[in-house]
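Order-wise, the sequence lines are chains F and W. In case it helps, the working numbering puts the first sequence at residues 1 to 488. In case it helps, the working numbering puts the second sequence at residues 1 to 55.
Some hints here could point you the wrong way.
Said to hold, decoys possible - Calculated cross-link-like contacts (lysine to any residue; reagent style SDA-like; alpha-carbon spacing at most 20 Å):
1. F:LYS480 with F:GLU168
2. W:LYS26 with F:LYS265
3. W:LYS52 with F:SER410
4. F:LYS265 with F:GLU200
5. W:LYS26 with F:GLU200
6. F:LYS480 with F:TYR73
7. W:LYS52 with F:VAL210
8. F:LYS199 with F:PHE217
9. W:LYS52 with F:LYS480
10. F:LYS199 with F:LYS265
11. W:LYS26 with F:VAL239
12. W:LYS52 with F:GLU442
13. F:LYS229 with W:ILE9
14. F:LYS265 with F:VAL239
15. F:LYS199 with F:VAL239
16. F:LYS199 with W:LEU51
For the record, the hints were derived by calculation from the structure and aren't laboratory data. Computed from a prediction, not measured in an experiment: that's the story for all the values here.
Given next are the chains, with one letter for each unit.
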Amino acid sequence: MARLVVMGGGVSGHTAATFARDMLDNDHEVVVVTPNSNWNWIPSNIWVGVGGMSKEEVIFPLAPVYEKAGIDYRQAKAVEIHPEGNKDSDTPYIMIEYTDKDKSGEREELTYDYLINATGPKLNFGATPGLGEGTNLGEHTVSVCTADHAEHANHELNACIEKMKAGERQTFLIGTGHGMCTCQGAAFEYIFNIEHTLKEAGVRDKADIVFITNESFLGDFGMGGIHFKMGGFATSSKVFAESLYAERGMDWILGAHVNKVEAGKVTFELLDGTIDEQEFDFAMLIPPFAGVGLEAFAKDGSDITGDLFAPNGFMKVDANYNAGAYENWKASDWPRTLQTPAYKNIFAVGIAFAPPHFISKPMSSPNGTPINPTPPRTGMPSAMMGKAVAQSIVDMINGASEPTHTASMSEMGAACVASAGKGLFSGTAAAMTVYPIIPDFEKYPGTGRDLNGTTGELGLAAHWVKHILHFVFIWKAKLKPGWTLIPE
Amino acid sequence: MASKHLNHIEPYSPQFGTMVPLSGQKFLRTCVLWQIVRFIAINIRMTILILKSHH
Numbered sequence: 001m002a003r004l005v006v007m008g009g010g011v012s013g014h015t016a017a018t019f020a021r022d023m024l025d026n027d028h029e030v031v032v033v034t035p036n037s038n039w040n041w042i043p044s045n046i047w048v049g050v051g052g053m054s055k056e057e058v059i060f061p062l063a064p065v066y067e068k069a070g071i072d073y074r075q076a077k078a079v080e081i082h083p084e085g086n087k088d089s090d091t092p093y094i095m096i097e098y099t100d101k102d103k104s105g106e107r108e109e110l111t112y113d114y115l116i117n118a119t120g121p122k123l124n125f126g127a128t129p130g131l132g133e134g135t136n137l138g139e140h141t142v143s144v145c146t147a148d149h150a151e152h153a154n155h156e157l158n159a160c161i162e163k164m165k166a167g168e169r170q171t172f173l174i175g176t177g178h179g180m181c182t183c184q185g186a187a188f189e190y191i192f193n194i195e196h197t198l199k200e201a202g203v204r205d206k207a208d209i210v211f212i213t214n215e216s217f218l219g220d221f222g223m224g225g226i227h228f229k230m231g232g233f234a235t236s237s238k239v240f241a242e243s244l245y246a247e248r249g250m251d252w253i254l255g256a257h258v259n260k261v262e263a264g265k266v267t268f269e270l271l272d273g274t275i276d277e278q279e280f281d282f283a284m285l286i287p288p289f290a291g292v293g294l295e296a297f298a299k300d301g302s303d304i305t306g307d308l309f310a311p312n313g314f315m316k317v318d319a320n321y322n323a324g325a326y327e328n329w330k331a332s333d334w335p336r337t338l339q340t341p342a343y344k345n346i347f348a349v350g351i352a353f354a355p356p357h358f359i360s361k362p363m364s365s366p367n368g369t370p371i372n373p374t375p376p377r378t379g380m381p382s383a384m385m386g387k388a389v390a391q392s393i394v395d396m397i398n399g400a401s402e403p404t405h406t407a408s409m410s411e412m413g414a415a416c417v418a419s420a421g422k423g424l425f426s427g428t429a430a431a432m433t434v435y436p437i438i439p440d441f442e443k444y445p446g447t448g449r450d451l452n453g454t455t456g457e458l459g460l461a462a463h464w465v466k467h468i469l470h471f472v473f474i475w476k477a478k479l480k481p482g483w484t485l486i487p488e
Numbered sequence: 001m002a003s004k005h006l007n008h009i010e011p012y013s014p015q016f017g018t019m020v021p022l023s024g025q026k027f028l029r030t031c032v033l034w035q036i037v038r039f040i041a042i043n044i045r046m047t048i049l050i051l052k053s054h055h
């Protein structure tokens, strides 16, 4: 009998655990350790944040799903990894700390044969003074990172709309809250949904809407930009994105590191080193991500956290972490099996793995402040990694000596449907496909990507796709009939 | 002749340096019949992408 422990129950962890459970014989065990009691379809948080959906529509309780699937579910957070066991035993284990109300704070050792780190990010609000404390959102801004945050954001938005209906002008500031943020796509979706909602409420003329981003150009998305085939040209996502903002009368601030948030005002440093301020009545600023702070210990109790994890807390896997300068970066630097080099029974998927380097070109201000979008690895790639690693582990449990499946971001594409406003006939979204995610200039000279697989268009059809995907992926996550047939 | 379908764009502002959609493009974005065609096209495109991405 083998035991697979999955740390994290988000998109990648849930995918890995459920596929592993489906593929493994019943004499093997699958355990999920996650501090959350609910599963959240995060892409729809955007709609909760503008009142287009309720919080209850984007979450469901995990316990009944795991009980039905035969997965051992522990509502707890993993705090330590002991990959060599301890002085009394060679069996590797993790230390978990329960978060459910009955056993809150209790610690337990949980042994494993295989371990998947799918812990996702720590929402590092504390990295920017005034944005929050540690992982807690502060009082000056809102967030759509969790369903609770999004619900709160909608409440604040409604308060602004009431003021605007009373004749008051309001400034909306949406974007990234630090120079090292990822997930610009979420901010992109939220600003367009805000604009759409204000228009529907009849108060758009009372709003100034500003996008602030650490991207050096609109449409970088942490992927160094994308080129689409459009009207006979290979057109940059810069043009595509700028066009959308210009059409809707929204301003943008580029290459910004927000270094302080106060009531109604942010201070930021730009790539040219200048310091500026922007006032706001409503601000949604994405926090930077970090690893969740897991520690690792050797058999003798010595701290080996630095061996397993990069300084930002993400887990090192089979990537090339010595690629050096931007000019030397290659698509092959990116991990394929997601296996840790030191311990063949440990894997990391989704946001939890340490990227070898950025995708976008690293930039910093003359003052030395890095202002650079970090690589996105959420959604479809995250789920594909979870499934591939689950398949590898199942094969290894059944006798394979090495991982049998790969999920390299340099060999996979991503489909992204970014909402620009909700409505059965009035909604729009940007449907984008990119292949591969990591540009490969050796294979695809020119733009680094396959122009036949890299596309983008805005329209109602893309909104329908996004809305349908909401139901399809929640169906899949609930393991309802046919769930294994639904692609990641 | 005035372009009634365009709002004023401040010259030399960042918005002035990009393309903006005209009325025909805007109409097509929410034209149900055309969007049904695009819905099928997007789904085919994404299916191909998914098939290419699984190893």
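Which of the stated hints cannot be reconciled with the structure, identified by number in ascending sequence? 1, 2, 4, 7, 8, 9, 10, 13, 14, 15, 16
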